[in-house]
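Asks: Can you make the complete structure from the sequences, with help from the hints?
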Amino acid sequence: MSFKSYPPSILHEITTGDGFGITCKQWIPDGEKKPYPAFLINGYVHDVYCLPTEPRDMVRTLLDEGYETWLLQPRLHPANPSNDFTMDDIGKYDIPSAIAKVCELHGPSVKIHVIAHCAGGLSIHMALMGGHISPVNIASLSCTNSSMYFKLTKLNLVKLTLPLIHISMAILGKDTILPLIENSKESYRQWILKSITRLIPRYERCTYDECTVVSGVFGNPYWHENITPTLHHWLNRQAQVTLPMSGLRQIAKIGSTGHIVNATGEEVYLTHPERIPLPTLYLSGGRSIVATPETSLLAHQYMKLHHPGFHHERVVVDGFGHSDVLLGEESYKKVFPHIISHMKFVEQGLVADSNAKN
1 MSFKSYPPSI LHEITTGDGF GITCKQWIPD GEKKPYPAFL INGYVHDVYC
51 LPTEPRDMVR TLLDEGYETW LLQPRLHPAN PSNDFTMDDI GKYDIPSAIA
101 KVCELHGPSV KIHVIAHCAG GLSIHMALMG GHISPVNIAS LSCTNSSMYF
151 KLTKLNLVKL TLPLIHISMA ILGKDTILPL IENSKESYRQ WILKSITRLI
201 PRYERCTYDE CTVVSGVFGN PYWHENITPT LHHWLNRQAQ VTLPMSGLRQ
251 IAKIGSTGHI VNATGEEVYL THPERIPLPT LYLSGGRSIV ATPETSLLAH
301 QYMKLHHPGF HHERVVVDGF GHSDVLLGEE SYKKVFPHII SHMKFVEQGL
351 VADSNAKN
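Using the UniProt record's numbering, count along the sequence shown one by one with no gaps and you end on 358.
Please note that a few of the clues may not be correct.
Here are the in silico distance ranges between beta carbons for each label pair [what the hints assert, rightly or not]:
| # | residue 1 | residue 2 | range |
| --- | --- | --- | --- |
| 1 | A100 | T242 | 25 to 33 angstroms |
| 2 | T161 | E294 | 15 to 23 angstroms |
| 3 | P308 | S195 | 49 to 57 angstroms |
| 4 | P308 | P108 | 26 to 34 angstroms |
| 5 | I196 | S341 | 37 to 45 angstroms |
| 6 | E330 | S195 | 34 to 42 angstroms |
| 7 | H272 | E65 | 27 to 35 angstroms |
| 8 | L305 | S256 | 20 to 28 angstroms |
| 9 | G21 | P135 | 23 to 31 angstroms |
No farther apart than 25 angstroms at their CA atoms in a straight line, the calculated lysine-lysine pairs in the BS3-like style are these [what the hints assert, rightly or not]:
| # | residue 1 | residue 2 |
| --- | --- | --- |
| 10 | K111 | K101 |
| 11 | K25 | K111 |
| 12 | K344 | K25 |
| 13 | K174 | K185 |
| 14 | K111 | K304 |
| 15 | K344 | K333 |
| 16 | K333 | K34 |
| 17 | K25 | K101 |
| 18 | K344 | K33 |
| 19 | K111 | K33 |
| 20 | K34 | K334 |
Because the hints were derived from the structure by calculation, they are not lab data.
Idealized CB from N, CA, C, for every residue including glycine.
Replies: Structure representation (structure tokens):
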């Protein structure tokens, strides 16, 4: 399959506070550059922002708008898979270390637009509400199908009432990184788990085994009709080669609770609304497949209650499910404009504040 040329990026290798190695990609736009970089955080599975098989994606949209763009590749990314981690680790170590790198290059007073999806949205809220990063460096926060809340469809809630995650981790044993690519080398334990995932109910079936396994673990990540065949092939046969399962223990706790909790289930995040004084955009797909629009509704209400002085938006986009809000063939005209317009609106306020101080 031939790939379209993609804008060149700089790969930053970063050692986190707990000594783990992560990476971050940086794209610099041609022409005039805006003063506020964009910082992207993927979900648990699939890269949703950088799509080399497609003519349009979030990274290129941001570059066209003049934004320097950063893409975090944390310890759950196939490039840096960890065998033993929690979502707390990403919020406490990975995100702060990557943002520190941006600050190192742009200065300590830089303000960053954060765009996060699914588990990435959970993690950025953990980073902020856990006190691991300062809101002073965040210009705006935009989250798709995620927030400090995580309300799931009935099918996924039923799956969480069963001890599937505990059984899965027990089957895997010490090696918790699951190979996904068909015909890749796998242990007997991994083969057993993948065989089980193929039997788990989901909304849509797929002829790609990799997609079938991922859907068995998470539920369908997207409505297939919304993404192109070329993207579907790339996602399943080239992009997502492994799936680090360790973080799913905490994801299961969060899904059962309905909002972010730490790895032991303690309420250490939502009790600190004072740590997230930011303008926000929460966007949901209107055709639920993983998370429901209640995820964005509750977050929007939470932020308006605790930070009424900031600009808050909520959008529900009809026809989209979960990751297809960003992967969809028509996302560039139905989803991306909401994010870009939110960023630009916030920037007008930042410029006005700066002029007032001067």
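Asks: Each hint should be assessed against the structure and marked as holding or not.
Replies: Okay, the hints, checked on the actual structure:
Range check, A100 to T242: Cβ separation about 27 angstroms, and the 25 to 33 angstroms hint holds. Between T161 and E294 the C-beta distance comes to about 18 angstroms, which sits within the given range of 15 to 23 angstroms. In this structure the supplied range 49 to 57 angstroms holds for P308 paired with S195, their Cβ-Cβ distance being about 52 angstroms. For P308 and P108, the Cβ-Cβ distance of about 28 angstroms falls inside the hinted range of 26 to 34 angstroms, so the restraint holds.
The hinted range of 37 to 45 angstroms is satisfied by I196 and S341, whose Cβ atoms lie roughly 44 angstroms apart. One distance hint, 34 to 42 angstroms for the beta-carbon pair E330 and S195, holds here, with the actual separation near 36 angstroms. Under the hint 27 to 35 angstroms, the C-beta atoms of H272 and E65, about 33 angstroms apart, fit the expected range. Hint check: L305 to S256, Cβ distance near 24 angstroms, so the stated range 20 to 28 angstroms holds.
Distance hint check: the CB atoms of G21 and P135 are about 27 angstroms apart, consistent with the given range 23 to 31 angstroms. At roughly 13 angstroms between alpha-carbon atoms, K111 and K101 fall within 25 angstroms of each other, so this suggested pair holds. A threshold of 25 angstroms between alpha carbons decides the hint, and for K25 with K111 the separation of about 18 angstroms falls inside it, so the pair holds. For the hint linking K344 to K25, the alpha-carbon distance of about 23 angstroms falls within 25 angstroms, and the restraint holds.
At most 25 angstroms may separate the alpha-carbon atoms for a hinted pair to count; K174 and K185 meet this at roughly 17 angstroms. The straight-line distance between the Cα atoms of K111 and K304 is roughly 22 angstroms, inside the 25 angstroms bound, and the hint therefore holds. In summary, the hint linking K344 to K333 is supported, as the alpha carbons are separated by about 17 angstroms, within the 25 angstroms threshold. The straight-line distance between the Cα atoms of K333 and K34 is roughly 22 angstroms, inside the 25 angstroms bound, and the hint therefore holds.
Our distance criterion of 25 angstroms between C-alpha atoms is met by K25 and K101, whose separation comes to about 11 angstroms. Restraint check for K344 and K33: the C-alpha separation of about 14 angstroms stays at or below 25 angstroms, so the hint holds. In summary, the hint linking K111 to K33 is supported, as the alpha carbons are separated by about 14 angstroms, within the 25 angstroms threshold. With a CA separation close to 23 angstroms, the supplied pair K34 and K334 stays within the 25 angstroms bound.
Consistency note: the structure conflicts with none of the earlier hints.
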